[in-house]
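Residue numbers (this note's numbering), protein chains in the order written: chain A, 495 to 782; chain B, 495 to 782; chain C, 495 to 782; chain D, 495 to 782.
By construction, these hints were calculated from the structure, which means they are not laboratory data.
Among the hints, erroneous ones may be present.
Partial pick of chain A residues on the chain C-facing surface, computed with a CB cut under 7 Å [what the hints assert, rightly or not]:
#1 A508
#2 N511
#3 L522
#4 G554
#5 V565
#6 Y646
#7 I650
Stretch-level coverage of chain D by chain C, calculated; a stretch enters the list once three of its residues show a Cβ under 8 Å from a Cβ in chain C [stated by the list, open to error]:
#8 548-561
#9 645-658
#10 690-700
We treat Cβ as the ideally placed atom computed from N, Cα and C, and that holds for glycine.
Protein chains: 4
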Amino acid sequence: MSWKSKRSLKEKFALKNSLAKEALSEFLGTFILIALGCGCVGQDVLSRGAYGGPMTVSLGFAMAVTIAVYVSGGVSGGHINPAISLAMCVTGRLKWTKLPIYILAQFLGAFVGAVAVFGIYYDAFMEYSNGILEVTGPNATAHIFATYPAPYLSLINGFADQVMSTAVLLLAVFAISDTRNNGVPKGLEPIVVGLLIIVLNFSLGMNSGCAMNPARDLGPRLFTAIAGWGMEVFTAGNNWWWVPVVAPMLGGVLGAMIYIVLIEIHHSDTQPVEENSVHGKHELTNVE
Amino acid sequence: MSWKSKRSLKEKFALKNSLAKEALSEFLGTFILIALGCGCVGQDVLSRGAYGGPMTVSLGFAMAVTIAVYVSGGVSGGHINPAISLAMCVTGRLKWTKLPIYILAQFLGAFVGAVAVFGIYYDAFMEYSNGILEVTGPNATAHIFATYPAPYLSLINGFADQVMSTAVLLLAVFAISDTRNNGVPKGLEPIVVGLLIIVLNFSLGMNSGCAMNPARDLGPRLFTAIAGWGMEVFTAGNNWWWVPVVAPMLGGVLGAMIYIVLIEIHHSDTQPVEENSVHGKHELTNVE
Amino acid sequence: MSWKSKRSLKEKFALKNSLAKEALSEFLGTFILIALGCGCVGQDVLSRGAYGGPMTVSLGFAMAVTIAVYVSGGVSGGHINPAISLAMCVTGRLKWTKLPIYILAQFLGAFVGAVAVFGIYYDAFMEYSNGILEVTGPNATAHIFATYPAPYLSLINGFADQVMSTAVLLLAVFAISDTRNNGVPKGLEPIVVGLLIIVLNFSLGMNSGCAMNPARDLGPRLFTAIAGWGMEVFTAGNNWWWVPVVAPMLGGVLGAMIYIVLIEIHHSDTQPVEENSVHGKHELTNVE
Amino acid sequence: MSWKSKRSLKEKFALKNSLAKEALSEFLGTFILIALGCGCVGQDVLSRGAYGGPMTVSLGFAMAVTIAVYVSGGVSGGHINPAISLAMCVTGRLKWTKLPIYILAQFLGAFVGAVAVFGIYYDAFMEYSNGILEVTGPNATAHIFATYPAPYLSLINGFADQVMSTAVLLLAVFAISDTRNNGVPKGLEPIVVGLLIIVLNFSLGMNSGCAMNPARDLGPRLFTAIAGWGMEVFTAGNNWWWVPVVAPMLGGVLGAMIYIVLIEIHHSDTQPVEENSVHGKHELTNVE
Numbered sequence: 495m496s497w498k499s500k501r502s503l504k505e506k507f508a509l510k511n512s513l514a515k516e517a518l519s520e521f522l523g524t525f526i527l528i529a530l531g532c533g534c535v536g537q538d539v540l541s542r543g544a545y546g547g548p549m550t551v552s553l554g555f556a557m558a559v560t561i562a563v564y565v566s567g568g569v570s571g572g573h574i575n576p577a578i579s580l581a582m583c584v585t586g587r588l589k590w591t592k593l594p595i596y597i598l599a600q601f602l603g604a605f606v607g608a609v610a611v612f613g614i615y616y617d618a619f620m621e622y623s624n625g626i627l628e629v630t631g632p633n634a635t636a637h638i639f640a641t642y643p644a645p646y647l648s649l650i651n652g653f654a655d656q657v658m659s660t661a662v663l664l665l666a667v668f669a670i671s672d673t674r675n676n677g678v679p680k681g682l683e684p685i686v687v688g689l690l691i692i693v694l695n696f697s698l699g700m701n702s703g704c705a706m707n708p709a710r711d712l713g714p715r716l717f718t719a720i721a722g723w724g725m726e727v728f729t730a731g732n733n734w735w736w737v738p739v740v741a742p743m744l745g746g747v748l749g750a751m752i753y754i755v756l757i758e759i760h761h762s763d764t765q766p767v768e769e770n771s772v773h774g775k776h777e778l779t780n781v782e
Numbered sequence: 495m496s497w498k499s500k501r502s503l504k505e506k507f508a509l510k511n512s513l514a515k516e517a518l519s520e521f522l523g524t525f526i527l528i529a530l531g532c533g534c535v536g537q538d539v540l541s542r543g544a545y546g547g548p549m550t551v552s553l554g555f556a557m558a559v560t561i562a563v564y565v566s567g568g569v570s571g572g573h574i575n576p577a578i579s580l581a582m583c584v585t586g587r588l589k590w591t592k593l594p595i596y597i598l599a600q601f602l603g604a605f606v607g608a609v610a611v612f613g614i615y616y617d618a619f620m621e622y623s624n625g626i627l628e629v630t631g632p633n634a635t636a637h638i639f640a641t642y643p644a645p646y647l648s649l650i651n652g653f654a655d656q657v658m659s660t661a662v663l664l665l666a667v668f669a670i671s672d673t674r675n676n677g678v679p680k681g682l683e684p685i686v687v688g689l690l691i692i693v694l695n696f697s698l699g700m701n702s703g704c705a706m707n708p709a710r711d712l713g714p715r716l717f718t719a720i721a722g723w724g725m726e727v728f729t730a731g732n733n734w735w736w737v738p739v740v741a742p743m744l745g746g747v748l749g750a751m752i753y754i755v756l757i758e759i760h761h762s763d764t765q766p767v768e769e770n771s772v773h774g775k776h777e778l779t780n781v782e
Numbered sequence: 495m496s497w498k499s500k501r502s503l504k505e506k507f508a509l510k511n512s513l514a515k516e517a518l519s520e521f522l523g524t525f526i527l528i529a530l531g532c533g534c535v536g537q538d539v540l541s542r543g544a545y546g547g548p549m550t551v552s553l554g555f556a557m558a559v560t561i562a563v564y565v566s567g568g569v570s571g572g573h574i575n576p577a578i579s580l581a582m583c584v585t586g587r588l589k590w591t592k593l594p595i596y597i598l599a600q601f602l603g604a605f606v607g608a609v610a611v612f613g614i615y616y617d618a619f620m621e622y623s624n625g626i627l628e629v630t631g632p633n634a635t636a637h638i639f640a641t642y643p644a645p646y647l648s649l650i651n652g653f654a655d656q657v658m659s660t661a662v663l664l665l666a667v668f669a670i671s672d673t674r675n676n677g678v679p680k681g682l683e684p685i686v687v688g689l690l691i692i693v694l695n696f697s698l699g700m701n702s703g704c705a706m707n708p709a710r711d712l713g714p715r716l717f718t719a720i721a722g723w724g725m726e727v728f729t730a731g732n733n734w735w736w737v738p739v740v741a742p743m744l745g746g747v748l749g750a751m752i753y754i755v756l757i758e759i760h761h762s763d764t765q766p767v768e769e770n771s772v773h774g775k776h777e778l779t780n781v782e
Numbered sequence: 495m496s497w498k499s500k501r502s503l504k505e506k507f508a509l510k511n512s513l514a515k516e517a518l519s520e521f522l523g524t525f526i527l528i529a530l531g532c533g534c535v536g537q538d539v540l541s542r543g544a545y546g547g548p549m550t551v552s553l554g555f556a557m558a559v560t561i562a563v564y565v566s567g568g569v570s571g572g573h574i575n576p577a578i579s580l581a582m583c584v585t586g587r588l589k590w591t592k593l594p595i596y597i598l599a600q601f602l603g604a605f606v607g608a609v610a611v612f613g614i615y616y617d618a619f620m621e622y623s624n625g626i627l628e629v630t631g632p633n634a635t636a637h638i639f640a641t642y643p644a645p646y647l648s649l650i651n652g653f654a655d656q657v658m659s660t661a662v663l664l665l666a667v668f669a670i671s672d673t674r675n676n677g678v679p680k681g682l683e684p685i686v687v688g689l690l691i692i693v694l695n696f697s698l699g700m701n702s703g704c705a706m707n708p709a710r711d712l713g714p715r716l717f718t719a720i721a722g723w724g725m726e727v728f729t730a731g732n733n734w735w736w737v738p739v740v741a742p743m744l745g746g747v748l749g750a751m752i753y754i755v756l757i758e759i760h761h762s763d764t765q766p767v768e769e770n771s772v773h774g775k776h777e778l779t780n781v782e
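The shape of chain A in the complex, shown without the other chains (with noise of 0.2 Å):
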């Protein structure tokens, strides 16, 4: 193709509509996402440890996102997470209107990555374990899409444990943004995002996978249902599915409201605002 033919293609394709460009964008964002961080999951269990561990997959999933927010992060903000979406409509970062189709986009690139995933390891499942999908026991394979509590785990720590670790990297993705704090240059947002998924995945991993994400989690969770594994995927762990649906909502806007109430609101309006955010930029042509 040259690029003679390429410019046709885009006066034919190009969307004009910027909210359908933005769908598109969190779509294969969040594709991105659960195809390489859910792969790190599989390469640990389908190997039993010998190519993989709670260091390539913590540093993997990290690095997924950094990646996913590299191909995502200029044209619909990176979110690949429903939670900071909503986050960003509650603060008066994006509008009410998008949030809808940025969760669906969120949800199709996540259940589309699990496929990849599936698809990309069919030989090793079915190597495995015989061709048999299990959710618990030592063959389990269902939380390399989604994530299952520690057997300890009561649903009350469970959910604290999810609100508390959203609301952290919503916390972190704010000051990160905050061009009147110790802001990031501009383009290496999404590697200190990376670090901070590190440190959360090392911190807060151990309760019950650290999904802080509602696509992450039941995009993948609702293609192992259909996939083979059953209807266990949303019974096992006490119905556990929701909790990763529900509490990173809610943590994500309350680590939203600390960073504002602590930190921002307290910047004086004389100090100058540097424009060296694409997240600020993108921000602001999404609210109008």
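Assemble chains B, C and D onto chain A, guided by the hints.
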């Protein structure tokens, strides 16, 4: 909350007093440091190494520092450590009158961070030791919160260890902030500080856990004393508790002095000062 | 050699032909990639895991890519991979007439890199297997140089694996170089590409070692065939050798197309193109 | 000490002689390199792997280089390695008359760094081997300070190993500093050098520990000879000690030459030189 309501919120609650803002910032930064940093130790200990190890604890604590400095760096300089605040006062980069408030905010943040770690892993703590909170022995959990010396360590070696590691910390922090040296680009200082913490943990972590920070150590230790581990947290290790409080204060000042005497005072005055450091700008506003 | 003698050296030997310069650059870059990357696998295998493991191989190969791109990026774009060069041609970013030379230089660089790994670890190879160079079994060393499929892997799954991983590689490389997306600051692209390789190795490395690069795989495989491992390096794994040659070429073009269709063609033309990409500049000079 | 008293301090003690400043800078940088780098090896060995391993040693030594270059880069170029200083002289980037002072400062810094490691881990050394300091055997500790060859390694293979690894080091350092190549943003060179050290340790560390630096190896080796390990530190490994002293000097010059001949002399003169490198600026002032 819409943008307009946030405006009026700002008018009502925004702090005009810069010291109050800075205290909030140091409180939040140190809270993040301990909630995430001690969270990494907690995940390692409580999973008996299944989800952690020396790598996750060292990398995780370092990234906790990085994130904490991004949260608090633009407002209060991101000290999150009384040893750093003291060295800043001694070298004329922070007003002495601010020091008590900085230190108090740091201790409070660390204490509340320890509360968060205990809360978020409450079920795991109960499972781990059947509800018995121990300071020593195979089921010890007190070292999730504060540092304890290795069995072989004498008090004098331990004291020297904390003086030296904090001296290297401050020496390097001063180099990183020195715009007339090989300056770090603005907005990336927190990442380089994180890399510094990694190597300090890998090289000087074995004697006594490399606290290098009185608030990081004494705040959570106080919490454990109150929360059920008892006064043994102070008597253990030959009354170790005061070493990571006193030695870092000395070491920090020593390290800052070494950097100034060996490097900083020799910069020729004609060399242009590049304004690429948030810390640099902040310090100026704080001094006057 | 003084500065003056270097001047005259330059007058005598400096290449005026830009394609010759670019060939040298791709040769050197791919040499570094293989000498360091396969060196990491060598250290892991030959020390029987004492000085290596999945972490060192994945992180090391990724950093080898980063360094190789720093060495060759400014002159030839730092493709060091025929799949990238092909995708650049297909999307009009590299002249088709340059493609054969780029690919030849990449293969030669990879071959010489394999020679270096064998040379530098000659004593270790002799010690490891008493001088017998084996392709399969517990003392196999051929996989230090080229990739081989896991025992469970069918050809079709293996082919899909190499298509998908290279597609994700190119998709992300195009995103990273797209200055109208969340652009990486100029001069830091090689680091982000390194982070991308990390997560690809952690998530898609288990099936067949994630070659994603015909030169990286076939060049060193040819060396092993000649150096004493024999023709089994081509027949092993059900004649696996052609898969990491053909599939990445397809996958790379596919990934580039997906990025263009889902993201790039929808950028509005009025959006300013920021000139913060070495790749961007280089591609323009290459096209005309 | 107030700002005013520091002023007068400056007037009294500030060095006007730039070579004296540079010597202090190289001394301090190399001290940091050894105190932190060999500290990582010490933590690994003395804890018998409980708090260290190949990952912590390789990553830690690399970050020690990064921090050491941040401390010394702006004043003396941050060589902290006679092999780098020699290559800079040979290529006209450092005055030959400065070379002896640079090398002396580097050796002194490395020696004092070794003293610091021994001091800070004094109790651990005594505990480890009941006070007996051994060069070989299961309780050996001499390799904390200097490098020793693997049992299988011949002198000629070992010599080639040190030539090649230092050649790659210099080749890459020259690429990183070449503003007409894919230049690293100003102030981030030390991080990229750290990434380079990581992959060198992972790929070329098994034969003999990848010293690549005469000061890093001979300085601490001298310390061990004096401090109680005795003259066996020189005779061990078939009189290995001179290899990491001589071979890196050759390898460094070789690597610099290869970069210049394959890449640098072919840059067209009309290409603009971007001034985004601290090293670049420094070298100019040093040459005249």
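Structure-based check of each hint:
{"no.": "1", "hint": "A508", "verdict": "holds, 5 Å"}
{"no.": "2", "hint": "N511", "verdict": "violated, 9 Å"}
{"no.": "3", "hint": "L522", "verdict": "holds, 5 Å"}
{"no.": "4", "hint": "G554", "verdict": "holds, 4 Å"}
{"no.": "5", "hint": "V565", "verdict": "holds, 4 Å"}
{"no.": "6", "hint": "Y646", "verdict": "violated, 28 Å"}
{"no.": "7", "hint": "I650", "verdict": "violated, 33 Å"}
{"no.": "8", "hint": "548-561", "verdict": "holds (count 3)"}
{"no.": "9", "hint": "645-658", "verdict": "holds (count 7)"}
{"no.": "10", "hint": "690-700", "verdict": "holds (count 9)"}
The structure shown violates the earlier hints numbered 2, 6 and 7.
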